[in-house]
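Visitor: Going down the list, the protein sequences come from chains A and B.
Counting in my numbering, the first sequence runs from 1 upward without gaps.
Counting in my numbering, the second sequence runs from 266 upward without gaps.
Since the hints were made in silico from the structure, they are not lab data.
Keep in mind that this is a model prediction, so the values were computed, not measured.
We put the beta carbon where it would ideally sit given N, CA and C, even for glycine.
Not one of these hints is a red herring.
Going by beta-carbon spacing under 10 Å, a handful of chain A positions derived as facing chain B: (1) Arg6; (2) Ala10; (3) Met11; (4) Arg13; (5) Arg14; (6) Ser21; (7) Glu84; (8) Asn90; (9) Ile94; (10) Ser97; (11) Pro98; (12) Leu99; (13) Gln257; (14) Leu260.
This is what each chain is made of:
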Amino acid sequence: MEFSLRRVAAMVRRYWYLLRSSWPRILDLIYWPMVQMLMWGFLQTYIQQNAGFFVQAGGVFIGAVLLWDILFRGQLGFSISFLEEMYARNLGNIMMSPLRPAEFIAALMTMSVIRLAIGMVPVTLMAIAFFGFNLWSLGLALAAFFMNLMLTSWAIGILVAGLLLRNGLGAETLAWTFMFLLLPLCCVYYPVSVLPMWLQWIAWALPPTYVFEGMRALLIDHVFRADLMLQALTLNAVLFAAGCIAFAVLLRSARRQGTLLQTGE
Amino acid sequence: MDATPVPVPAISVDRLVKIYGQTTAVGGISFDLRPGTITGLLGGNGAGKSTTIAVIMGLLTPTSGTVRVLGAEMPRQRYQVLHRMNFESPYVDMPMRLTVRQNLRVFGELYGVADLPARIAQLAADLELRELLDRPVGKLSAGQKTRVSVAKSLINNPEVLLLDEPTASLDPDTADWVRGHLERYCHGRNATVLLASHNMSEVERLCERVIMMKKGLIVDDDTPQRLLARYGREDLEEVFLDIARGRGKARELVS
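One chain only, chain A, in its complex shape:
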């Protein structure tokens, strides 16, 4: 049996059924991105009224927060769908079925995009209404930013899923906090040049750094830095492959240790 789109669709259907049966789950997708966007949007409005530079750099904060949410919520969407199987004690059914790990991952990636769309599309429209910031006007640049951020979020989501398989729900905290490790390092709200030199090396090793630098170049200097996007893509390819390898190793280890059967704490 080869990779089966039918099985991927079956898993997407499973998560979709769950999502649409639960309004708190849907509300949660929109609530925090909206709060973040409004908070940073109003802060930016205040600064714009008091500092000439930010008048020129209109939308930098709100753009940063929206792109950060793509990165963070992309990973969270992946990880939460996986966690739903553990909460439901359904992982045994899944792992015993003909679903292959690659198909499972593909379904989780699809769900992360669906969950992100439910959360982010209304929030980006609200950003236009409240602050006149139109993320969609970035056009092709937005597509490049989105693709790179999603690849990073999936790579980390895959790694976290492997850790959950190997360590059970004891590793659940990682699903919620892992991405925040990257927040100060990938320079979401400030340029890389702000960091001390030794931290800049680490920052440039992270694909999202290139995206946020690219966003600032676009919004402040009105230049699309394709070179940054290509560098991010290269790093993402490495990161994604590393995430998949780590997942395979952790899954094999879970089969040896018997943790597929004991997915509790």
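Please build the complex by placing chain B on the supplied structure of chain A, with the hints as guidance.
Guide: Just chain B now, kept in the frame of chain A:
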């Protein structure tokens, strides 16, 4: 010379060992199950039944030894046969917020079931689930949930069925009904069943062979009738107690 071909075992366990750290969960057991047979796997808590079943399902890698299901080595070649097997266990649940129909549809698609709506309708009729199809699994009683789990385990018409305590926590009437259905399915489909249970009357009723485990080893392996005769007991519960407490006459076995 007898030319009758020997059937390939549906499940073949050969010198299976599973060790966790310093603990030996299974200490080197071997058995073959012929196609179309129902076999009970009995033993007290910690005897190694669940570990053995987990290896057969491909969820656990053995420390040494081999397990083959329908000719495929588990877990290495599991994708060759997983669509021909299934299982039911009280240690896993169906997603509670999904309706019975949604669950069966998802699992049917995962197992590649052809004409899925017809299969769901057939299972709903066989297992008296018609009224429940559009209700969330979480809203069902324990007995109804078990019937749904049985439906899931039969969704792909499995040739090999692994049942871990299929009637645990059911009232006697529902448990009897579930046993009856499983018995009819297995004989109708000529399916091979390995049943782990603590319910001795269930084992006596369903199984033509009983494998007794204790501390990771097989301590007896025979038909229920011969076990009763050898231990001089009237029911398997007494045989179970004899074995658990080290009394009686186990057959000479090389695990």
